[in-house]
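Using the sequences and the hints given, assemble the complete structure.
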Amino acid sequence: MNTHTKMDAHHVMDAPDHRNRLDDMAQGILGTTMDRPDGPLKVTGTATYAHEDHPAGMLHGVLVRATVPRGTLDGTHDAAVLALPGVRRVLHGDRFLRNPAQGTANEAPVQGSREIFYVGQPVALVVAETFEQARHGAQRLVLQMTPGDAVTDPTADDIAVERDPDEQSSMGDLDKAMKDAAFSVDQTYTTPGHTSAAMEPHAAVAWWDGDKLTIRASAQMLKYNKNEIADSLGIDVRDVHMLAPYVGGGFGGKLGISPEAVAAALAARDLGAPVSVAMTRRQVSEATMRRSETVQQIRLAADADGVLTGIGHVARVSQLEDEDYAEPVTQATPFLYRGKNREIGLELVRVNATCAGSVRAPGEAVGLTALEIAMDELAVAAGIDPVELRRRNIPEVDPSDDKPFSSHTLEAALDDGAKAFGWDGRKTKTTDGDWLVGSGMSSAVRVNMIGESHARVTLNPDGTLLIETDMTDVGTGTYAILTQIAGEMLGVTPDRITTVLGDSDLPESAGSGGSWGASSAGSSVFLACERIRQEIAKTLDCDEGDLTLKDGIATAANRQVPLAQVLGDAPLTSTGVIEPGKTSEAVRQATFGAFFAEVGVHRVTGEVRVRRMHGSFAAGRILNAKTARSQCLGGMTFGIGMALTEAMIFDPRDGRLVNGDFGEYHIPVNADVPQLTVNFVHERDPWANPMQAKGIGELGICGAGACVLNAIHDACGVRVRDLPATLDRILDGLPEV
Amino acid sequence: MQTRLTINGTPHDLDADARTSLLDALRNHLDLTGTKKGCDHGQCGACTVIVNGRRINACLTLACMHDGDEITTIEGLGQPGNLSPLQAAFVKHDGFQCGYCTPGQICSATAMLQEVKDGWPSHVSGNLTGAMDLTDAEIGERMSGNLCRCAAYPNIVDAIRDAAEVKA
Numbered sequence: 001m002n003t004h005t006k007m008d009a010h011h012v013m014d015a016p017d018h019r020n021r022l023d024d025m026a027q028g029i030l031g032t033t034m035d036r037p038d039g040p041l042k043v044t045g046t047a048t049y050a051h052e053d054h055p056a057g058m059l060h061g062v063l064v065r066a067t068v069p070r071g072t073l074d075g076t077h078d079a080a081v082l083a084l085p086g087v088r089r090v091l092h093g094d095r096f097l098r099n100p101a102q103g104t105a106n107e108a109p110v111q112g113s114r115e116i117f118y119v120g121q122p123v124a125l126v127v128a129e130t131f132e133q134a135r136h137g138a139q140r141l142v143l144q145m146t147p148g149d150a151v152t153d154p155t156a157d158d159i160a161v162e163r164d165p166d167e168q169s170s171m172g173d174l175d176k177a178m179k180d181a182a183f184s185v186d187q188t189y190t191t192p193g194h195t196s197a198a199m200e201p202h203a204a205v206a207w208w209d210g211d212k213l214t215i216r217a218s219a220q221m222l223k224y225n226k227n228e229i230a231d232s233l234g235i236d237v238r239d240v241h242m243l244a245p246y247v248g249g250g251f252g253g254k255l256g257i258s259p260e261a262v263a264a265a266l267a268a269r270d271l272g273a274p275v276s277v278a279m280t281r282r283q284v285s286e287a288t289m290r291r292s293e294t295v296q297q298i299r300l301a302a303d304a305d306g307v308l309t310g311i312g313h314v315a316r317v318s319q320l321e322d323e324d325y326a327e328p329v330t331q332a333t334p335f336l337y338r339g340k341n342r343e344i345g346l347e348l349v350r351v352n353a354t355c356a357g358s359v360r361a362p363g364e365a366v367g368l369t370a371l372e373i374a375m376d377e378l379a380v381a382a383g384i385d386p387v388e389l390r391r392r393n394i395p396e397v398d399p400s401d402d403k404p405f406s407s408h409t410l411e412a413a414l415d416d417g418a419k420a421f422g423w424d425g426r427k428t429k430t431t432d433g434d435w436l437v438g439s440g441m442s443s444a445v446r447v448n449m450i451g452e453s454h455a456r457v458t459l460n461p462d463g464t465l466l467i468e469t470d471m472t473d474v475g476t477g478t479y480a481i482l483t484q485i486a487g488e489m490l491g492v493t494p495d496r497i498t499t500v501l502g503d504s505d506l507p508e509s510a511g512s513g514g515s516w517g518a519s520s521a522g523s524s525v526f527l528a529c530e531r532i533r534q535e536i537a538k539t540l541d542c543d544e545g546d547l548t549l550k551d552g553i554a555t556a557a558n559r560q561v562p563l564a565q566v567l568g569d570a571p572l573t574s575t576g577v578i579e580p581g582k583t584s585e586a587v588r589q590a591t592f593g594a595f596f597a598e599v600g601v602h603r604v605t606g607e608v609r610v611r612r613m614h615g616s617f618a619a620g621r622i623l624n625a626k627t628a629r630s631q632c633l634g635g636m637t638f639g640i641g642m643a644l645t646e647a648m649i650f651d652p653r654d655g656r657l658v659n660g661d662f663g664e665y666h667i668p669v670n671a672d673v674p675q676l677t678v679n680f681v682h683e684r685d686p687w688a689n690p691m692q693a694k695g696i697g698e699l700g701i702c703g704a705g706a707c708v709l710n711a712i713h714d715a716c717g718v719r720v721r722d723l724p725a726t727l728d729r730i731l732d733g734l735p736e737v
Numbered sequence: 001m002q003t004r005l006t007i008n009g010t011p012h013d014l015d016a017d018a019r020t021s022l023l024d025a026l027r028n029h030l031d032l033t034g035t036k037k038g039c040d041h042g043q044c045g046a047c048t049v050i051v052n053g054r055r056i057n058a059c060l061t062l063a064c065m066h067d068g069d070e071i072t073t074i075e076g077l078g079q080p081g082n083l084s085p086l087q088a089a090f091v092k093h094d095g096f097q098c099g100y101c102t103p104g105q106i107c108s109a110t111a112m113l114q115e116v117k118d119g120w121p122s123h124v125s126g127n128l129t130g131a132m133d134l135t136d137a138e139i140g141e142r143m144s145g146n147l148c149r150c151a152a153y154p155n156i157v158d159a160i161r162d163a164a165e166v167k168a
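Order-wise, the sequence lines are chains C and E.
Residue numbers for the first sequence follow the UniProt record's numbering, beginning at 1 and rising by one.
Residue numbers for the second sequence follow the UniProt record's numbering, beginning at 1 and rising by one.
Everything labelled a hint here was simulated from the structure, so no lab data went into it.
As the structure is a computational prediction, the values presented were derived from the model and not from experiment.
Treat each hint with caution, since some may be false.
[As the list claims (entries may be wrong)] In silico negatives: residues of chain C with every beta carbon more than 12 Å from chain E:
#1 G28
#2 A150
#3 P192
#4 E200
#5 T280
#6 A480
#7 V500
#8 R559
#9 P580
[Unchecked claim] Rough simulated footprint, nothing fancy, chain C against chain E, three-plus residues with beta-carbon under 8 Å:
#10 1 to 9
#11 17 to 26
#12 29 to 35
#13 51 to 63
#14 137 to 147
Here a beta-carbon is modelled for each residue, glycine too, at the ideal position from N, C-alpha and C.
Written out as structure tokens, the structure is:
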């Protein structure tokens, strides 16, 4: 727990921080391409993921799925399964999770296995001595179900539509702007459901010591997750100890706890033995989270110069009943471009399908992608270069509320990207053998924020440094950047720094999600280190600002003293706390970027190959140039998948997910991705946090798919508005061979 | 079922259910959890191990079919402080993010480089016989059985090219 002492440093982000303190430090490791400290463990298979700590006597549980989209589970034929060799228990009941908790829910999601809401809902757990026995039992368990009336087609004409008043906004007269426009676009775009598809399936190993639960889980946000676990089980959160030191990818899919974690805990309590439950890949697809499919009507009105006079963006998404989350498709639309006449809305329909939730960059990933295709259509209609069209539409302030931007880097990113890609000399409407070749671009934007975050930093007399927080590293580079921030602030080399993460007993962080992890957890470490610097300065009788710390030596007023000597026998410990404040509301904070791609479309088969792709991004201070670049590579590749192959397909007859595995849900493979290039545009955003850094984990996917789709149009003239651009959607439009 | 597996040079006498996959034998019975389960269907490559010199998906084969076989897992390629050239190159080039597919990528790449050396052609090779150039396209093609959702692919290509050049 977070005790308050005089060594604590609590900062509420109420005012911009122009000091750029990290630029004054001397160690020289922040922002570099330092290798991940966790790298050697990961490349040798010695990092322990959720299902890799096997306590003695551990039993194996396998979940059983409902096979109707709506109805009741009237009974299960447990006896036949319990008679199988090795089977120890068949569990079901009121505490089973129907679906995962939404991100930052902090409480249990809908529970109970008696009522069925979607195909794939986990309704029972078979526990046995070995995995093979449990799997066999799960396959043999007969479910007695009474099917009910299900809604399985979100596009049905008579479906009820919900409109949250907070998500609808209107300004001026868009109909008139469309009528008066010199150039306009009025089109409907659709995106299918997407699955996070982290490589590590959701898994948990749970064991009890009396009333105390220890659970190793694959989880992104322990501060919330431990409360979700406690609430689901009806126990005190102080009795929950969660461990997630290494997480095999999240992408939103592990923001909240999911059914396997609670099932494992219930079974372990019931059997008095450790129980592991790992979802199968199909279960991950069916019973965790999906990004909702979207139907987006976009209207753009522009004057003769291509300057927008109006924007309409109305999206329809779907969700399971009793869940509030609606994919925030139009999140960035209000502030990205000019145009005072607006109609922006979000509609929600209820379906009996996998729960909808966050998948990397909820909102912008699909909303901006559609908007950026529409912008390309406008550029073509107006005969204006697409980069120039965007330049002409950068607003001075947020047009929806006239708030200033904290920092605006779209133009710089467009310029940098166009130059790096060679936009002016690009291949357009040309051929290369049997390939039709063209280029496309799109803007990137993602809202920026921080969440309350705590971290404890201890500088030991031997000059070593310990950083502790319940923050997770889901591949994002947390181990690296926290090490770098603390090392930079306190003049300690990385080999003398230990960063401990993913333990719910440590100070509570914001967790990994919404691109806020690095800024939030990083700021808490920064603040703790700043407090320690003040204490060192006091000892040396100088101002903190005049103190130089490098390689374990403190320099102040021409004196050089080893840190060990400054510290004496006692370690210096500080807990840093960052809290969002007035800067969240006073200004519009966002990250910006620009994507450029060259594609080839095969003139006979319609196959699309991305030949090269570049992204230029600004996200404030870059904390580690290597891991930040990797985050962008990952986002851009998600964009390639979204543009070309990824689609969750639900059978409209019975709501069944047709393609719940990697054989049928196609994420990009190595050969689908060229040697992508990434540039960072220099930025310091004083409104963001004391590090002037912003989130980078999601920006790379926001709009990325559009640059590929726009390049397809440039190459072969086919405008794909229903994603992804599979062969069937391209072939009919290809020129005669 | 009694099976003798030689794993990373050490013999192991496994007594497991005949239904036990080689992957589950490694993870659940021998506590060698470096080999990962990403799909259990041979679709992701996270469980790639090297059996008698060839890379295979450990999830698609039963442990009892490997009596007497020599198996190399990620734990056998190198350890922290004693990394193989490929492991070191993956760290240097950030050929991973979450790290879950990484042991499979590295086992796969280790065997793949030998396949190239032995002159095995791929779908993108210019011809079916003779020496193979380790182009980026060759690496990408030959590594496409190993999925990475973090999408470190460009870095994986860089790491493999770098390690191969060092070796050469």
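Checking against the hints above, which ones are violated?
Going through the list in order, the structure violates hints 4, 5, 6, 10 and 13 and respects the others.
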